[in-house]
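**Student:** Chain H is already provided as a structure; the job is to place chain C on it using the hints.
These protein sequences, in sequence, are chains H and C. One point on numbering: in numbering that gives the first Met the number 0, the residue at position 98 of the first sequence is 97, and numbering is uninterrupted. One point on numbering: in numbering that gives the first Met the number 0, the residue at position 232 of the second sequence is 231, and numbering is uninterrupted.
Among the hints, erroneous ones may be present.
Which residues of chain C face chain H? A few of them, derived with a C-beta cut under 8 angstroms, are [said to hold, decoys possible]:
1. Ser87
2. Leu92
3. Ile102
4. Ile104
5. Leu108
6. Asp110
7. Ile111
8. Arg112
9. Val114
10. Asp117
11. Trp118
12. Cys134
13. Gln146
14. Thr192
Hints were generated in silico from the structure; no laboratory data involved. Even for Gly, the Cβ is constructed at its ideal location relative to N, Cα and C.
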Amino acid sequence: MAEFLLELRSEEIPARMQTRAADDLRRLVVDGLKDAGLDFSDARAFATPRRLALVVDGLPVARPDVSEERRGPRVGAPEPAIQGFLKGAGLDSLDQAEKRDTGKGEFWFAVMKKKGGPTAAVLPGIIDTVMRTLPWPKSMKWSNGTRLWVRPLQSVIALFDGNVLTGEVGLAGTMAPIRFGNTTRGHRFLSRGDITVAGFADYVAKLRAAHVVLDPAERKRIILEGARTLTDEAQVALKNDEGLLEEVAGLVEWPVPMLGTVDPQFMDVPPEVLTVSMKTHQRYFVTTMPNGALANRFVVVANNVARDGGKTIVEGNERVLRSRLSDAKFFWDQDRKITLEERLPALKQIIFHASLGTQAERVERIVKLAGEIAKSIPGADAAQVEQAARLCKADLVSGMVGEFPEVQGIMGRYYALGERLPAAVAEAIGDHYAPAGPNDRCPSAPVSIAVALADKLDALVSFWSIGEKPTGSRDPYALRRAALGVIRIVTENRVRLPLATFFEHADLLDFFAERLKVQVREKGVRHDVVDAVFALGGEDDLVRLLARVDALQSFLGTEAGRNLLTAYGRAANIVRAEEKKDKSLAATISGPPDVALLELKEEQGVASALEEAERRVKPALETEDFAGAMQALARLRAPIDAFFDKVTVNVQDRPELRLNRLKLLNQIRATMDSVADFSKIEG
Amino acid sequence: MSKPQCFQELILTLQQYWAGQGCVILQPYDMEMGAGTFHTATTLRALGPNPWHAAYVQPSRRPKDGRYGDNPMRLQHYYQFQAILKPSPTDILERYLGSLEAIGIDTTLHDIRFVEDDWESPTLGAWGLGWEVWCDGSEISQFTYFQQVGGIEVEAVSGEITYGLERLAMYLFDKTSIYDLPFNRPDSDVPLTYGDVFLQNEREQSAYNFEHADTEMLFRHFADAERECSRMVERGLPLPAYEQCIKASHTFNLLDARGVISVTERQSYILRVRTLAKACCETWLETEATKPATSAAGRAA
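Okay, chain H solo, but in the shape it has when bound (with noise of 0.2 angstroms):
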């Protein structure tokens, strides 16, 4: 069994990219072995800021000849299914095919014999298919090249059993090609000249050497626990964040993390300026102290060993953070000296959208609709959502927020409580744009629930009234997170709106019937159930949508449940059978039964339980007990599985019974499609 590590260096990968190329670049590697017919035990890809690696364990260093046979078209088929088959199986011409008698027919068959040989062969092919196809987010050409690649190559390690394959990457254009060798080059700034490496671990073992940890956990556990021992001597403790930790491993081969401090003159700047400089612009982990408060200490992250211990990165480093944050006091400073009322004429001035006119004309139809929103949402005091809504976009003209616009609404929050506005009103500024995504905190407070569905609702009416709906790929205004938002705000808040008032155009509310089934099905609702309740249709409050939905599945969990649905599944075949024979059969049976002809025991029990129990499933339904309608219907089981025992429906003899009794199976359908379309439940 034999190794083949593949190594590709390049100049700086955004770090974005790496693991996701990583992952790429192992899947078109086994795939590559696999079409070739080569097992493997492992394979694993690890990325560093200048370098793709990858090592397959427990290849063959040969593989044996095999053969395939393809069973082609008939003898005498079409012309074009012979072409189609002789392409298939890289054939020529039917002469290279034989002719073999199956017992069914003679049939064109094709042998294909796969040659074996050594695996050393087959894995340039594999490199090549790799330069050609991983699907880099973003690919350049340089120099006098045509090659793609995320950034400039510069050497190439592919080692298989040992030896260095024979072969090269391309550059085109005027360029030499890369040959494939066994050297690389370790950290940019910790080692000199060219190291050769002999297999995996020899090439793990000698990075290390050179100042490069290649696996980006490793690098992500020495980032965690350097910080950590930083943070515990200072007695602060590390903010976790995963997403910044993945983004750092990537920005440094050989990680040394690094305690900062931040000028104090700074810390009664908000919390959320300070992180998201420190954090977004400058990729430092936070810390806070135990009361949970921001801490005046960071972890920057160098990718070097400083001769003096670090003294002038960190030096360099909070230097850089004291220039940033001073901007930032600027503002605070200067941004508290103006009313957030007094904001408001300068968004007249900012274009929210060419189509959509100001940002002060979209404030005047939150502060309308948020009013109207408002009714719904028992608590909310008129006073406050208009106040609130009609201040919530002021901040986006403050200093502080044309220089960090990730702390819009954050700021105007600060602003309102600064000018002891009521706590209602600051907090509702502060939670329009929440929820931000799946994971984000959501309003809960009246006076922020209105604003926040205000400021989303307004969205997708004024996109939808020009136009600009999402596509497939598209959607520059964020409308599905607006929706998202909405329905999260309104499900999570039990909020009662009938949507559909606020709606101009009908597709809008198909729009949230869509984004509603993904959410619910994410949530492990059962797909089948999502679409017998929307299949109602008109449904246009999304708490009763929901209770329906809730009721639905977990009576489809019992066994009354289940059964019913055998009965109704009979009942449904029956007709819609019928009604395929008979197109005007179902006009013909949509009214209720005669009593009078209802001979059988078994037919009258089964219209006084449909009786029965659309007296219950009525009241049910009005007082939004969905469970209580689904426990009516369950009691329809029995005299419906009594009258499949006793009752023939197509009695040949006397149309007017026939006909009597599918009205009485129609009708079992209709009273129970009243709750939900059972007809769209799979078994």
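**Tutor:** Frame of chain H; chain C shown alone:
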């Protein structure tokens, strides 16, 4: 050359260094422009097959960034140092790191990082991939591999290195305000700071950009430049045509700073400048300058 002690020595050191790398050291283009990239030595030379190594300082004007001299970190007139190497040599990053050593950034003491930063110029119809270079968390350069210029895919890829000189100098000389930067050596007979040289200019030009520029005249200049550019394109003179394109671009920036261009119009003005840039680039590609070099020097490169 020893480590630079002041702003002008930073420029001199970079010129010296890139001259040593075989670049022609050009002087600034004598027209107002938003960035060193607008210089013909970058925009036009990036097209066509011929090798080109050049470096130069370019005064850059961004009217909207004016702060009347009140903001310690923002100017409407500042300097970029630009090096362009085409085709990009395989050791271009090492060469760049050499320039950092030359200006006194010791890589055994500092933390240098290449952080993803893609570049795009909507007015030039140009884009490329590259990085911003960080030194101890501070951005000190931008590095771009040009992929497209004037809407045209490049034939040979240029590596473009841009140093924002004031920012870099603030880092090197440990200043929190641009205006405190030593322009010449602090021990000179007449030591002058950046503020001594430029503060007055920032105040006056900011007032011009935001308050006093005659917008009617600027609209006229824009239209004139646009017309003249097209006329020169028709005559197969891409260099004069391109100067009019630069003029239109700067005029647009002034109008933008004066706040007389609405958001919707903005897009259409950018598009108009791009159309000019594209026409200039296309015309440039038809000239002798972009035919494969046949001279001995050309072949040697």
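**Student:** Under 8 angstroms is the threshold here; is the Cβ of Leu92/C close enough to any Cβ of chain H for the hint to stand?
**Tutor:** With a closest approach of 6 angstroms, the Leu92/C hint holds.
**Student:** Checking hints one by one. Is Val114/C an interface residue toward chain H, by the C-beta closer than 8 angstroms rule?
**Tutor:** holds, 7 angstroms
**Student:** Would the hint on Trp118/C stand, with a C-beta cut-off of 8 angstroms toward chain H?
**Tutor:** violated, 11 angstroms
**Student:** Take the shortest C-beta to C-beta distance between Cys134/C and chain H; is it under 8 angstroms?
**Tutor:** Check passed: Cβ of Cys134/C comes within 7 angstroms of chain H, closer than 8 angstroms.
**Student:** Can we keep the Ile102/C interface hint, with Cβ of chain H closer than 8 angstroms?
**Tutor:** This interface hint is violated because 15 angstroms lies over the 8 angstroms limit.
**Student:** Taking the closest Cβ pair, is Ile104/C under 8 angstroms from chain H?
**Tutor:** Constraint on Ile104/C not satisfied, violated at 10 angstroms.
**Student:** Was the hint right that Gln146/C lines chain H, CB cutoff 8 angstroms?
**Tutor:** Holds: closest Cβ of chain H sits about 6 angstroms from Gln146/C, inside 8 angstroms.
**Student:** Under the criterion of a CB-CB separation shorter than 8 angstroms, is Leu108/C in contact with chain H as hinted?
**Tutor:** With Cβ-Cβ at 5 angstroms, under 8 angstroms, it holds.
**Student:** Against chain H, with CB atoms and a cut of 8 angstroms, does the hint on Asp110/C hold up?
**Tutor:** holds, 4 angstroms
**Student:** With a cut-off of 8 angstroms, does the beta carbon of Asp117/C approach a beta carbon of chain H closely enough for the hint to hold?
**Tutor:** holds, 7 angstroms
**Student:** Would the hint on Arg112/C stand, with a C-beta cut-off of 8 angstroms toward chain H?
**Tutor:** Holds: closest Cβ of chain H sits about 6 angstroms from Arg112/C, inside 8 angstroms.
**Student:** Should the interface hint for Ser87/C be scored as holding, given a Cβ-Cβ cut-off of 8 angstroms against chain H?
**Tutor:** Where the cut-off is 8 angstroms and the nearest Cβ of chain H is about 5 angstroms from Ser87/C, the hint holds.
In this structure, the earlier hints numbered 3, 4, 11 and 14 are contradicted, and the remaining ones agree with it.
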